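Anchor point for the sequence shown: position 351 equals 351 in my numbering, and the numbering is continuous, going up by one each time.
What the hints contain is simulated information worked out from the structure, not anything from laboratory work.
None of the values given here were measured: they were computed from a predicted structure.
Positions of the beta carbon are idealized from the N, C-alpha and C atoms, including for glycine.
Check the hints yourself; a few may be wrong.
[As the list claims (entries may be wrong)] Derived CB-CB ranges, DEER-like:
| id | residue 1 | residue 2 | range |
| --- | --- | --- | --- |
| 1 | E423 | L130 | 36 to 42 Å |
| 2 | V71 | K107 | 26 to 32 Å |
| 3 | H105 | I318 | 31 to 37 Å |
[As the list claims (entries may be wrong)] Listed next, the in silico DSS-like pairs over lysine-lysine satisfying Cα-Cα at most 30 Å (straight line):
| id | residue 1 | residue 2 |
| --- | --- | --- |
| 4 | K249 | K223 |
| 5 | K247 | K345 |
| 6 | K223 | K440 |
| 7 | K220 | K249 |
| 8 | K68 | K345 |
| 9 | K285 | K68 |
| 10 | K285 | K247 |
| 11 | K310 | K322 |
| 12 | K249 | K345 |
| 13 | K107 | K150 |
| 14 | K107 | K74 |
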Amino acid sequence: MNREPGKIHEECGVFGVFSTETSDVASTVYYGLFALQHRGQEGCGIAINNDGVITCYKDLGLVNDVFKHDVLTKLGHGNMAVGHVRYGTTGNNDRANVQPIVVNHVKGRMALACNGNLVNSTELREELELQGSIFHTTSDTEVIPYLITKERLNCPSIEEAVNRAMNRLDGAYSLVVMSPSKLIAARDPQGFRPLCYGRTEDGRYIVASETCALDAVGAKFEKDILPGEIVVFSEDGIRSITDHCGKAKQTLCIFEHIYFARPDSVVDGKSVHAARVRAGELLAKAHPVEADVVIGVPDSGLDAAIGYAKESGIPYGIGFIKNKYIGRTFIAPGQKSREDKVRIKLNPIAEVVSGKRVVMVDDSIVRGTTSARIVRLIREAGATEVHVRSSAPPFIAPCYYGVDIDSKDKLIACKHSIEEICEIIGADTLGYLRYEDVEKIAEGGSCTGFCLACFDENYPTRIPTGRKNRFEQPIPQELKDEKKNKKKGEE
């Protein structure tokens, strides 16, 4: 699977359903994952609980490719289910790393889905391995169910096991855990990633990464799960455990509002669409320019472009048509095809940009390669000037909480000045959202603080140590030679 070059990639998405009655919960999760597909397009999975018996199916690919009608039928009915869409930032991209993770132990089966990244996963994994744990994936998430099952052996309930395990976890995690009789949702004490729940008219409870997934299955939003909160759904009703709440400053990832979340979602009390429109307005104030039309780069640049046009008074236009049938799993064989990928996904509307001075608003500039190709497309369509505006500040640091910004070497803002970047991408002018404005886009929500580490290097947790990719070691030279000699023999 080929990840789109030059762009930030999504997190993961989690989904859960609890009911006191047996029903077709697989279909509910299917539609919920469809709504969360933007958060992860490498793999997906669903685990169904039918009277304590957990059945799971997962594979690489998009939701509609993995879960054909016959697969959903075989999963059967149940009263609980969890689902996951994956974009991997740790571990290889293979089927073993797709979630949910299902664990069998003496206290019963358990299925777990997680969105986030732990900064102490290496230490925890080595500790557990030395105690005899056998891991089956290279994902950092696998340490979480192992810690929970270890605690479960010495405590009276699964929710208490989750509560105790959270004492050992450091970093970003939004969890949905399914035991034989309960569904549990938990959010890390700093609230890096969103998590909420709602209720359908027939009484089923739905847990999801975003409110758009609640809407997709007809559930009415009830509550954002608080940073550090554990919510337990069982036949006895709903119970909240707040032992970890208030122990750390909230640091919601600001990129949920800038890029990750769907514009029709509400994250911690703030409309994502409104936040992006506000970003565009702030961009227009900070970086005005004389132009004829404002266009946005689909999808997350569109709302910011509307805001820029609104504030500047420059007309807004639909500048691109996006091919909706090409996802992030699009295979591009060879470098030439990789270069053409942007053209295949986006096509400018010449009528809108030809002979005009264009303001092009995008959500971010990471490596600069994609921005350069899009600018070139607009010029080829006849634009006389192209003024690029980014609704995020420059990236100057890697992320350790689930975003695939893993090295300063890959960040164009770490190597070049804004003037140099402007020249590299072929723009007439370039303007970023100002750092001092970035938190203003989410004003009016319930969030009390944000993680801005990718813009200022002020990490809210310790920086992880150890070998990040210790399960992705290079192939030994003798094996390379053996493979090479074998190939020659076949020729």
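Right, here's what the structure says about each hint:
Checked against the hint of 36 to 42 Å, the pair E423 and L130 fails, with Cβ atoms roughly 53 Å apart. Checking the proposed 26 to 32 Å range against V71 and K107 shows it holds: the Cβ atoms sit about 29 Å from each other. Separated by about 54 Å at the C-beta atoms, H105 and I318 break the suggested range of 31 to 37 Å. Restraint check for K249 and K223: the C-alpha separation of about 20 Å stays at or below 30 Å, so the hint holds.
Simply put, K247 and K345 have alpha-carbon atoms about 45 Å apart, too far for the 30 Å limit, and the pair is violated. For the suggested pair K223 and K440, the alpha carbons sit about 23 Å apart, so the restraint of at most 30 Å is met. At most 30 Å may separate the alpha-carbon atoms for a hinted pair to count; K220 and K249 meet this at roughly 29 Å. Taken as a hint, the K68 and K345 pair is honoured in the structure, with Cα atoms around 26 Å apart against an allowance of 30 Å.
With a C-alpha separation of about 49 Å, the suggested pairing of K285 with K68 is violated against the 30 Å cut-off. A distance of roughly 37 Å separates the Cα atoms of K285 and K247; the hinted pair therefore is violated under the 30 Å criterion. Taking the CA atoms of K310 and K322, the gap is near 23 Å; set against the 30 Å cutoff, the hint holds. Between the alpha carbons of K249 and K345 the distance comes to roughly 40 Å, so the proposed pair goes past 30 Å and is violated.
At roughly 10 Å between alpha-carbon atoms, K107 and K150 fall within 30 Å of each other, so this suggested pair holds. About 26 Å separates the Cα atoms of K107 and K74, which keeps this hinted pair within 30 Å; it holds.
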